[in-house]
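Asks: Chain by chain, the residues:
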Amino acid sequence: MNEEALLARASEERERIFQRYERGRENLAGQIDPWEDPEFEEYHKTDRYGFIHDERLPQKTAPQKVNIEVEREKKWVKMLGSWDSTATKEKLHRRIYKGIPNSLRIKVWCKLLDVNRMKSENPGKYQEMLKLAKHWSTDVRQIDSDVNRQFREHQFYRERYSEKQCSLFNVLCAYSMYNSEVGYCQGMSGLAGVLLMYMDEEDAFWALAILLSDKKYVMHGLYVEGFPKLTRFLEHHDKILTKFMPKLKHHFDKFGLDAILYSLKWFFVCFVERVPFSLCLRVWDIYLLDGERVITAMAYTILKLHKKAIMKLNDMDLIVNYIQVKLHKDFGYEDDVVIYHLERSMDELKRAKLDYPGPPPPNELPKRSLGTFIEPDKKSKIGQRAENFSETEKQTRATVILRREKAALELQELRVSQSDTVSEHSGVAGSGARCDDSVSGLGSRRSLAETSVTSTADLSVFSSSRSHAPDNSLDTHSNVSDDATGSDGSGICALSIQRAPSTTHSTPRATPHPPSISPLSDDVVRIHVTYNPLAASPSHLHPVSPSKYKAYSEDHHKPMSLGFYTSNGANNLPSDNRIRIQVPSEELLTPVVDSGRIITQRYIESHSELYDLK
Amino acid sequence: MATNRSGAAQRPNGAPQTKVCQFKLVLLGESAVGKSSLVLRFVKGQFHEYQESTIGAAFLTQTVCLDDITVKFEIWDTAGQERYHSLAPMYYRGAQAAIVVYDITNQDTFGRAKNWVKELQRQASPSIVIALAGNKSDLAAKRMVEFEEAQAYADENGLLFMETSAKTAMNVNDIFLAIANKLPKSESGGGGGGGGAGAGARRLNDGDAPRASSCCK
Ligand SMILES: Nc1nc2c(ncn2[C@@H]2O[C@H](COP(=O)(O)OP(=O)(O)OP(=O)(O)O)[C@@H](O)[C@H]2O)c(=O)[nH]1
Ligand SMILES: [Mg+2]
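As they're listed, the protein sequences go chains A and B. Note that full-length UniProt numbering has the first sequence beginning at 1, numbered continuously upward. Note that full-length UniProt numbering has the second sequence beginning at 1, numbered continuously upward.
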């Protein structure tokens with residue numbers, strides 16, 4: 001198909017979609033496919049925020065609570081009457097942390113965001129943008145498919161082409177013209193969707209505009225190409241974890257769980273669909289008052305409150321599910337309790353000077369002036385996929401990959417020092433160990449900068465204990481990495497650390513794998529730890545019978561690294577040449593081996609105590 | 001609780017040991033073609049008309065049993081919007097299998113699927129098993145991509161191909177099982193390797209019933 005035909009088809013599609021929203025539900029009788037609408041059954045119940053639930057709602061709000069809310073409303077009405085007074089300013093913080101009465105939320109949110117000012121400064125702008133969108137927006141298809149999936153269990157959005165669905169569509173389309181750098185990005189439908197539960201169309205549009213560009217929130221940087229603000233906030237989040245919850249951080253790293261996987265929606269949509277809606281609103285109240293710091297602190301608070309439970313989950317799948325799904329359904333703490341902890345977290349982070357990752361660098365701010373029309377280029381009109389990444393995107397990707405590999409490397413170092421300790425002192429291992437000084441256990445603290453790309457890639461493969469196929473760390477595929485990750489089949493399984501030749505100290509991510517390193521060159525350090533489960537497991541670790549190991553250990557008596565955890569890291573070794581292994585929880589991790597590779601980890605029930613291995 | 005997490009360890013004592021293979025699988029394709037829906041159907045046996053749109057990526061696992069082997073899929077369900085494209089390599093690097101999804105009622109999504117295939121061929125691991133899924137086959141009345149067209153393309157490029165429906169469950173388990181069958185189970189030849197691996201001929205479960213995982217429970 002030639003370019004013109006493609007352009008024509010794209011614009012025809014845009015018009016068709018627009019038309020349906022313009023006509024709305026009433027005028028589309030008979031034209032809405034039955035599968036586009038949910039069934040609505042009588043026994044469904046709608047909660048006070050408008051969400052429809054499959055079952056009866058658990059309980060009525062207690063009468064005392066209703067009274068409290070009524071009392072609060074009175075106070076709030078008074079306060080709204082004298083918004084700019086000093087008395088209000090003094091009370092605002094405390095009252096907002098207590099929660100804005102739902103019936104007044106719309107008014108208070110508009111005040112906090114100063115929606116009216118924006119609106120009156122830009123008369124007619126919204127309609128203008130909407131009109132432009134109808135002719136030019138290249139995001140219409142994406143917006144349409146997201147409107148179709150956003151808050152469909154909410155009474156406002158339940159019916160296809162309902163009034164609010166149409167408003168949501170309009171706001172997003174208009175915004176895609178207003179801010180041509182961001183256009184529309186998946187996630188924004190969640191923001192606008194919440195705003196529209198409380199505001200009318202135009203107010204919601206301006207509220208969205210403020211959230212993206214006002215310096216208190218600057219969500220622009222989250223949604224713009226390359227997601228620079230996301231990267232920056234995730235790094236900051238990692239820093240907080242490392243400082244305040246290193247064990248949890250290590251737990252995540254152990255399963256290769258990068259923060260981007262569980263926390264994306266926290267940052268992108270301020271916890272929408274990640275915590276129960278009532279709590280989400282409370283966080284929004286505070287976010288609108290205090291800005292970005294709230295997101296950082298809430299992310300920390302969630303993990304702090306659920307650390308114990310998460311530490312018990314030994315599978316990436318389970319952890320992600322817990323954080324994303326379980327906490328959305330049932331947070332396990334009363335909203336008030338969470339907000340109490342949130343406030344404390346904010347103080348705590350502030351004291352540690354970690355409450356704020358700093359003001360946005362220029363790439364997180366709008367460069368073009370907002371609200372000025374810029375005709376989209378042909379490519380985006382047709383909707384072609386870009387063949388290549390832009391510089392910004394490449395950077396983002398490199399940063400994220402670097403972060404993951406750094407985590408993997410740190411974890412690996414920990415394991416090196418531990419399994420190395422085992423081999424030195426216990427004689428459990430040692431069959432093919434060629435230990436080089438730099439990995440000699442305890443003091444092994446090589447920084448990432450000293451490590452070649454190859455080694456970090458290898459380590460990340462190994463540490464996640466799952467990759468069979470070679471892993472390429474960059475677009476360019478390199479055969480070297482095949483060899484290095486052990487596809488020679490010889491069961492190099494314990495470790496394969498490649499030391500960078502000391503001359504290549506350059507930037508770690510800039511180049512593909514250096515082609516010259518052979519897996520058996522002198523630059524390679526390999527530690528083989530023979531895996532002998534029977535020797536390794538203290539005898540009272542039943543009920544796992546020896547026969548269970550047979551299939552693995554007989555044919556595949558391959559070197560294997562042991563996931564032992566010492567109680568205080570490797571530094572507090574007793575001097576009597578015995579290794580004490582403290583099993584941290586009730587579980588001792590034992591890898592299952594297939595052809596010399598770890599393919600899964602199995603858990604043996606045991607008690608938390610010290611074992612002496614001879 | 002602690003003992004019940006990993007596939008192979010669950011056999012009662014005395015039962016024949018099953019080898020467990022773990023594979024990383026990534027779903028790619030244009031937004032709203034039904035990637036998340038396919039995963040949800042495969043992993044939980046459910047279909048949500050209003051599946052929330054994926055932001056970033058989602059991660060799930062599912063275990064299937066072939067007769068002598070247990071295959072654990074680690075599934076990365078990516079976001080379809082072009083802007084998230086830059087994150088995709090993070091997810092497909094190191095993947096042993098990919099399902100590239102398009103929507104049979106939308107020609108453009110097929111074009112994009114081809115782009116994904118190209119990108120995988122160029123940049124993913126050379127041994128990656130790629131399957132092409134023409135989803136929403138229940139909406140045949142609105143079909144815009146012909147079965148034969150897609151089949152021909154798949155043959156040319158050595159892809160597994162099926163038309164699927166996350167809604168009716170048609171071919172959903174099948175496509176995952178076909179991939180499981182085609183994946184090399186062991187590179188070193190120590191285990192089941194060689195013969196059964198490449199052919200992809202062994203079909204152990206047929207039919208559409210969502211029972212892929214039941215044998216492991
Ligand atoms: N009729 C029909 N609808 C489907 C099918 N699969 C998915 N859908 C619908 O198509 C829409 C999009 O499905 P998703 O699974 O969210 O699509 P996705 O590919 O994950 O989209 P992104 O997350 O945006 O990349 C949803 O409304 C689904 O209900 C199918 O087999 N048949
Ligand atoms: Mg999805």
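Derived from the structure by calculation, the hints contain no laboratory data. Be a bit skeptical, because a hint or two may be false.
Stated by the list, open to error - Restricting the straight-line Cα-Cα distance to at most 25 Å, the calculated cross-link-like pairs of lysine-lysine (BS3-like) are:
hint, chain 1, residue 1, chain 2, residue 2
1, A, K111, A, K91
2, A, K379, B, K114
3, A, K378, B, K114
4, A, K125, A, K215
To be verified - Simulated DEER-style distance windows between Cβ atoms:
hint, chain 1, residue 1, chain 2, residue 2, range
5, B, Q107, A, S278, 37 to 47 Å
6, B, K142, A, Q64, 47 to 57 Å
7, B, E49, A, G124, 56 to 66 Å
What the hints assert, rightly or not - Under 7 Å between C-beta atoms, here's a sample of chain B residues computed to sit facing chain A:
hint, residue
8, L40
9, Y50
10, M90
Beta carbons are placed, not taken as given, at the ideal position from N, Cα and C, and that holds for glycine.
Asks: Hint by hint, note whether the structure agrees.
Replies: Structure-based check of all given hints:
For the hint linking K111 (chain A) to K91 (chain A), the alpha-carbon distance of about 15 Å falls within 25 Å, and the restraint holds. Note on K379 (chain A) and K114 (chain B): the hinted pairing holds, with a Cα-Cα distance of about 17 Å set against a maximum of 25 Å. Proposed proximity of K378 (chain A) and K114 (chain B) is supported: the alpha carbons are some 20 Å apart, at most 25 Å. Between K125 (chain A) and K215 (chain A) the CA atoms are separated by roughly 21 Å; this keeps the pair inside 25 Å, and the hint holds.
A beta carbon spacing of about 44 Å between Q107 (chain B) and S278 (chain A) agrees with the range 37 to 47 Å that was offered as a hint. Distance hint check for K142 (chain B) and Q64 (chain A): the Cβ-Cβ separation is about 55 Å, which falls inside the suggested range of 47 to 57 Å. Remark: the range hint 56 to 66 Å for E49 (chain B) to G124 (chain A) is contradicted by a beta-carbon distance near 38 Å. Violation of the interface hint for L40 (chain B) is found here, the shortest Cβ-Cβ separation to chain A being roughly 12 Å, above the 7 Å cut-off.
With a least beta-carbon distance of about 4 Å to chain A, the hint placing Y50 (chain B) at the interface is held under the 7 Å criterion. Look at M90 (chain B): its Cβ gets to within about 6 Å of chain A, closer than 7 Å, so that hint holds up.
Checked against the numbered hints above, the structure breaks hints 7, 8 and satisfies the rest.
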